[in-house]
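A.B. asks: Line by line, the protein sequences are chains A and B.
533 is the number that this note's numbering gives the last residue of the first sequence; the numbers go up by one with no jumps.
533 is the number that this note's numbering gives the last residue of the second sequence; the numbers go up by one with no jumps.
If you are wondering where the hints come from, they were derived from the structure by calculation, not from laboratory data.
Note that the Cβ used here is the ideal one computed from N, Cα and C, for glycine as well.
It is possible that part of the hints are untrue.
[To be verified] Derived list of chain A stretches under chain B, where covered just means 3 residues or more per stretch with a C-beta under 8 Å from a C-beta of chain B: (1) 22–33; (2) 52–65; (3) 79–92; (4) 127–138; (5) 289–301; (6) 392–402; (7) 461–468.
2 protein chains.
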Amino acid sequence: MTEFGGINGAESIIRAALLSGLDTCFANPGTTEIPLVRALDEIEGVRPVLCLFEGVCTGAADGYGRMANRPALTLLHLGPGLANGVAYLHDARRARSPVVNLIGEHATWHQAADAPLQSDIESLARPVSAWLRRGAVSTELARDLQDAIIAASVKPGRISTLILPHDLLIAPGLLPGAPPRLPDPPRICSERIATARDALLNGSPAAILLGSHALRERAQPALARIRELTGVGLIAEAFPARWERGLGRPAISRLPYFPEMAVPVLARYQTIILAGAPSPVSFFGYPGTPSHYITADQQTIDLAGPEDDVETALEELAESLQVRGGKSSSPALDKPSSTDFPSLDPDRPLTGRRMTAIVAALLPPGAIVMDEGHTSTGAHTAYFQQAAPHSYLTQPGGAIGLGMPCAIGAAIACPDRPVVTLQADGSGMYTVQSLWTMAREGLNIKTIICNNSGYQIVGIEMLRAGVTSPGGRARSLMDVVGPQIDWVGVSKGLGVPAVRVETTTQLADVLRRELLEPGPFLIDAVLEKE
Amino acid sequence: MTEFGGINGAESIIRAALLSGLDTCFANPGTTEIPLVRALDEIEGVRPVLCLFEGVCTGAADGYGRMANRPALTLLHLGPGLANGVAYLHDARRARSPVVNLIGEHATWHQAADAPLQSDIESLARPVSAWLRRGAVSTELARDLQDAIIAASVKPGRISTLILPHDLLIAPGLLPGAPPRLPDPPRICSERIATARDALLNGSPAAILLGSHALRERAQPALARIRELTGVGLIAEAFPARWERGLGRPAISRLPYFPEMAVPVLARYQTIILAGAPSPVSFFGYPGTPSHYITADQQTIDLAGPEDDVETALEELAESLQVRGGKSSSPALDKPSSTDFPSLDPDRPLTGRRMTAIVAALLPPGAIVMDEGHTSTGAHTAYFQQAAPHSYLTQPGGAIGLGMPCAIGAAIACPDRPVVTLQADGSGMYTVQSLWTMAREGLNIKTIICNNSGYQIVGIEMLRAGVTSPGGRARSLMDVVGPQIDWVGVSKGLGVPAVRVETTTQLADVLRRELLEPGPFLIDAVLEKE
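So that you can see chain A by itself, here it is in the shape it has in the complex (with noise of 0.2 Å):
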């Protein structure tokens, strides 16, 4: 098993990973980490998944960390592997995932070389971990890895980033002991608590925007309480890392994405309790529109952050207005837009409207949903509050492509829930070769790709920018035909089966007999403009 009778180095991390529960890894593994590979072949427990692309194993890792609640590892080579993997590390840092990264690196003897992999690791991962460390002696790498481990599971989930030497992954290792105990997330004084209560009895329009676990299943209950107690507005952040939806849980609507539209959404009232979520800002500057969204006429009260215990902040929220009785003082303002379904005319063409309620009103109990649908899904996902219950996955960071590779994650962590992908054209190109990684691994999902022939945002930030007929050039970024992609062929190449569709009725039966079978399937579902 080694050559030192004892274990080496990678031995050593690959037991303080199973140790500490961790039981999957994303790899696209090269020279500097065949000892992490023979170790993960020797031992029992870890399952390796490859994918062919490390942006794939990073957002795997992401809709893995949000879905299990604990941090999977990634095996990534050397500063161009991990490279590839940092947009989605990007997304999973915004998410607040927990990830662990293994980075392999040159043999210390060998780094002052400048071998042609040479790079500057840690400037390259120091953006997106919240948690760095060389390894630096081979027996205290499990040492390190449970270091990375406690310092990734911070709830929700942080990232760890550990640079492992192949000099020392081959030196001897020393078995870890037992993985002391995570800490818990800090507890909201009571006075927050007080505040955020005195707030919604004084008779003012108010809406607690929800974050992080406030979106979660156990918050549901108090959050429909104090509505009930106050007729609060409820109000998720516009991207959210993971929202418990669906029939039976509470109302909740979205942010809207354009600052014109999420504006006039929080100017309606005077109190906004953020819980769980940071102060929304626009995701970009416009000019003529402030960065944050709250105004200075407004009154914010932090009720807990996205890293605090917002369950049991909100639990405590809703008893104490139990206690003083409650009463409606706030003015129902926020009824979530009509979710009513579409009359869906059969055979009738495509647009995202119509393809957002069609998978809504299909979706399974207990289904998964991965919304990377951009300009196609963004205008349309109250939809799913009326759909079966469900978690509703949401890309938080902006790095696009996310979508697929983070729908892997969340079918291993979860391989008894469907998960339904709704995946942008444009961003899905970035990680096609997730598709391949679905088929090998035999994961139930769904994929429908959103065919708009193009990077439509572009085009409508065009417009915004006052550009209305664009020329040649201008045009030649925002679209994606000439040629057309067809991504039937693209999908079953890579070993997914596909069916193209652009109607409502071909959506509704290719979706509704492809729900009953198991493994991945594509639907590339071409769109008219609304």
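Model the placement of chain B on the given structure of chain A, informed by the hints.
C.D. replies: Using the frame of chain A, we list chain B on its own:
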């Protein structure tokens, strides 16, 4: 054209690029880059090339820089967009290609809001950038770009990265003055030439290790003369950025990849003269193998570094030897291994050796070969010495997946020359989106997938580490079957016609036919083990 009567910052940048002779921009823009999209649209002269993933942009810029000898622009979307391009900027840095990156960024006033796409762009850019600046004043952006171009134009090339906040792009810009004359590379002092000359004349075995412009066209008559006069060995570094190669050019052997093969090649010589190549090191650090190949017993003469004027140095060395009458002092030790084409019996199964030989035999004069064949071509590239004269490109940085993007850049830089890409299958999946850009731009690129169904290098390295029969979890990290990738289906789906071949005759017939046609084509060459 702009709100100010004059030009805005974005327009000043595009005009400055044109003034410096830059006319190509590999782009994947988003909201923060809209002003540059508008400027590209409104100002005639810079060709935007849309790539469906930023790694394709940067890899294309690498290939463009090597073939055009001037930088292309890339246009990337904030930190995550840059991150997706970092791996091939790493390769470009190792290839010493000129590249100028334009990175969009949030408006200066919006950065404190920590919006979703905010990240530490400098930290991501620094490992790959010789020059790095954040634009700070809108009227100085054009000057910033000129500085970036000058910095990138240090021969053979460097990487410049300019970060461009959105508000500066739409604020008033200033037309730049004429670009300053670019600096010449430093001349080599006569003492270094005399030292090399004396070593070549002293009778002990000597070799010149060639890199950078020592492998370009201009240097080759001098190399031929030097060898004629002294019998010196001529050896190319293991991964040349660009090597003008083929019949009629001096035979130059290539340093092997694995240290156990490379060290004996160099050990035959008492003196190693470095001409455009750094002192050679092992690609990875293997236990028991030194980092540096040249031993303390050998004499190293640093004639010219990769950024020095190595062509003039070699010409002066040849001249100086001629004056001294020269003498064939060095035994001819370096005869390149036999490059006779193997007997290509018809209808034999393809192997890496046979495939490489067929491609070399059929290569049209003036072709560009991008060789990312890795294990399939690495041992057989001497065949290209017998091919028609061509430019031969490899991957000096080791970040896999460069092949197809690099071919795009080469084809755009040299529209009249056919490009043939030897693309390992595992690596090719990293940047499979490249095929779409080849189709869209109608590029004359013939891509040959070296299809051995796996990351064969991982298996080889497992063997080298002593693992003769890896278990299932290890095998799952090196084979790329289950499912088998249908490269023909994927390629057609992205707009590039394709066929699968399994025999010598099939490959030769298809390649011969397709080389007569314009536009892209893909050949999925199924290889048997050697």
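A.B. asks: I'd like to know which numbered hints this structure contradicts. Please list them from smallest to largest.
C.D. replies: none
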